[in-house]
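**Q** Using the sequences and the hints, build the whole thing.
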Amino acid sequence: MNDSELREHLKWLIRLRWSACAAVLAAAHLLREIFELDFPVLPVYIILVSVIACNLYFQNRLRFAPENIFRDAVLQIGLDYVALSAAIYFSGGCDSPFLYYYIFHIVITGVILPKVWAYGFTAFAVMLQGIVLGLKHTGLLSHVGIFKDRPVFFSGMEVISIYGAVFISTLALTAYFVTYLSDRLSKKQEEIRRLYISQSNFIANLSHEITTPLNTVKGFGALLYTSCDEAAEERENYKKWIDVSVNHIIGLLNDVMELSKIETGNIKLFREAFRISDAVYDSAGMLCLRAKNKGIAVSIEMEDVKDSYCHGDAKHFREIIINLLENAIKYTPAGGRAGITARKINGSVEVAVWDTGKGIAPEHHESIFNAYEQLRSERFNKIEGVGLGLSIVKRLIEMHGWIIRMESEPDKGSRFIFSLPLL
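For the sequence shown, my numbering assigns the number 764 to the initial residue and increments by one for each residue that follows.
Some hints here could point you the wrong way.
[As the list claims (entries may be wrong)] Pair by pair, the computed Cβ-Cβ distance ranges are:
# : residue 1 : residue 2 : range
1 : Leu948    : His906    : 41 to 47 angstroms
2 : Glu999    : Glu953    : 52 to 58 angstroms
3 : Leu896    : Ile809    : 20 to 26 angstroms
[As the list claims (entries may be wrong)] SDA-like, lysine to any residue: derived pairs with alpha carbons at most 25 angstroms apart:
# : residue 1 : residue 2
4 : Lys1069   : Cys1051
5 : Lys1078   : Ala850
6 : Lys1078   : Phe983
7 : Lys1024   : Ser1130
Hints are computed from structural coordinates only; laboratory data are not their basis. The C-beta atom is built at its ideal place from N, Cα and C for all residues, glycine as well.
**A** The following block contains the structure:
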């Protein structure tokens, strides 16, 4: 499981934890007001507040992309086991109806972490209960429970109701997790099928994109070899076209290698403070000549953030800007405009790369970021490339924990917008 998938699982776990907190609060009220049971309320609320505080902390960390997200996942799940064990102790220990809840905690562990961790946390749960039992046996911990001076099973209607409710909720939650896994597997199978088709199309397109410049190199190379009597100017033109073709092939292969490194996790972020205006101007400067040769005016508006610093990988931030602006120039006809704007919004910098080009229909706004898809239509079929630039941009932005969105309509240009935190 890659970091992006793990992040999505942790978002789901955090939402699940909020639901659990609400359920515990409602259950505590129900037990006291409806069943009139005198159980230790203060420890329950202390556990609840602790879980809420931890959930807020991890939710905030997830927003800013922790460097070791796997460690965060292990820590979150471990704290869940500790909180559940404490809740079990204050609701009767071995007599507690909430012992069942270890079942779906182990299911959650198996969903989010590698299988060895599911066995490890099973042993951890047994160890926690063993410690509690040992401390109670030695008298260091007193017995605390929901039911005072009553047999555990079937001593009254309230006991039956509580055990029954917990048992039913355990079965329902287990069914939910199993169906969740089944749905995830079905979606993964469909995703694999679509990816296979997309990769087949991508390979065919890449073969075409490489074959064309290779034929150019072969043809002009043969002319250089055989046409010794050609004028010097004509021979220089042959060399120029060979150089352009070779650079095109190198660019394609570099994109493929870059995406491969990202997908296999071989790219690490070097986070540092960097001046955002310097990074943007440096990136735009690399493409000014290309824009000028195509007759496209490029503008940069950064007055609001000219002295602002951000935290992230400066090298990959420049790569994001270069890819987005290169795309804007590529898809904008001669005489059009492209540019970069940046402004401060609520402690962040919002960066937008825009153009007045062909634009993209709303139904393609999601697929445009797919690694192996490129728009296929008469409006785009003369554009060179295999469409990896936007996919690389999205992956790099997600690695930072940022979010990218786009605004575009056919023939009205496009805007690609993302935000990064200010220092």
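**Q** Work down the list of hints and note, for each, if the structure agrees.
**A** The hints, checked one at a time:
At about 44 angstroms, the CB distance of Leu948 to His906 agrees with the hint of 41 to 47 angstroms. For the pair Glu999 and Glu953, the supplied restraint of 52 to 58 angstroms holds, since their beta-carbon distance comes to about 53 angstroms. The supplied range of 20 to 26 angstroms is met by Leu896 and Ile809, whose beta-carbon atoms lie about 22 angstroms from each other. Between Lys1069 and Cys1051, the direct Cα distance comes to roughly 20 angstroms. Compliance with the 25 angstroms bound is thereby established for this hinted pair.
For the proposed pair Lys1078 and Ala850, the alpha carbon gap of about 48 angstroms is over 25 angstroms, so the pair is violated. Distance hint between Lys1078 and Phe983 is unfulfilled; the C-alpha atoms sit about 37 angstroms from each other, more than 25 angstroms. A distance of roughly 21 angstroms separates the Cα atoms of Lys1024 and Ser1130; the hinted pair therefore holds under the 25 angstroms criterion.
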